[in-house]
Amino acid sequence: DAKTTQPPSMDCAEGRAANLPCNHSTISGNEYVYWYRQIHSQGPQYIIHGLKNNETNEMASLIITEDRKSSTLILPHATLRDTAVYYCIVRPERGKLIFGQGTELSVKP
Amino acid sequence: NAGVTQTPKFQVLKTGQSMTLQCAQDMNHEYMSWYRQDPGMGLRLIHYSVGAGITDQGEVPNGYNVSRSTTEDFPLRLLSAAPSQTSVYFCASSYLGIRGHYEQYFGPGTRLTVT
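Residue numbers (my numbering), protein chains in the order written: chain A, 1 to 109; chain B, 110 to 224.
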């Protein structure tokens with residue numbers, strides 16, 4: 001499975017967009033990019049996933065570069081409740097979900 | 110639906126004891142997984158299953174056994190507890206939807222301390 005690299009921490013002002021980057025330079029053609037987040041000590045929560053095209057849902061947008069070597073998760077209007085650890089994961093369609101260290105996002109008033 | 114349930118919520122064991130962490134889901138999901146999360150760390154996959162009767166190892170399988178005799182249940186057995194197994198254990202279930210949709214639903218976790 002391809003490895004991912006994320007910054008360990010980021011800050012964002014409340015109401016602004018939070019842009020969380022992820023590098024996955026060894027991704028292969030059949031691997032999807034998934035984003036999960038973990039708030040405090042709860043179980044992780046699915047946010048969004050994509051293969052090649054950009055994706056948007058009610059929680060976030062996912063921008064994948066054309067070469068698929070990196071992606072960005074965008075929370076358009078961050079709130080204090082978005083403070084969490086965000087995990088970028090690369091996974092084959094039927095493979096295991098392996099979490100890395102993630103990015104700790106702090107949304108500040 | 111109750112979703113994914115885990116029991117117990119908390120457990121203290123002495124070194125060398127064995128126990129089983131229970132996990133059940135009522136969503137008819139084919140995939141189930143066990144993770145552990147040490148303080149300040151990310152989740153590490155212990156074992157997972159793609160259906161009843163099928164299990165496979167994850168990143169850190171040593172010291173743990175699993176079985177999947179039914180779709181609903183996926184117990185995790187600690188064979189001989191060690192202090193290094195002190196952690197929070199999460200069980201998750203999921204289905205594989207269209208276009209690679211793989212949304213895992215996590216249980217509330219079991220906080221295990223081994224003294």
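I should point out that these hints are in silico values taken from the structure, not numbers from a laboratory.
Be a bit skeptical, because a hint or two may be false.
Said to hold, decoys possible - DEER-style ranges, computed between Cβ atoms:
no.	chain 1	residue 1	chain 2	residue 2	range
1	A	Q42	B	D135	13 to 23 Å
2	B	T124	A	G15	45 to 55 Å
3	B	P117	A	E66	14 to 24 Å
4	A	N19	B	V169	25 to 35 Å
5	B	D135	A	T26	17 to 27 Å
6	B	I163	A	T26	37 to 47 Å
7	A	G15	B	G172	17 to 27 Å
8	B	G172	A	Q45	25 to 35 Å
9	B	L188	A	G15	26 to 36 Å
10	A	S106	B	D135	17 to 27 Å
11	B	P170	A	T56	31 to 41 Å
12	B	H210	A	Q42	15 to 25 Å
13	B	Q131	A	G95	22 to 32 Å
What you are looking at is a predicted structure, and each value in this text was computed from that prediction instead of being measured.
Backbone N, C-alpha and C fix where the C-beta goes; we use that ideal spot for every residue, glycine too.
Exercise for the section: Enumerate the violated hints, using their earlier numbering and listing them in ascending order. Expected result: Numbers 3, 5, 6, 7, 9, 10 - these are the hints that the structure violates, sorted from lowest upward.
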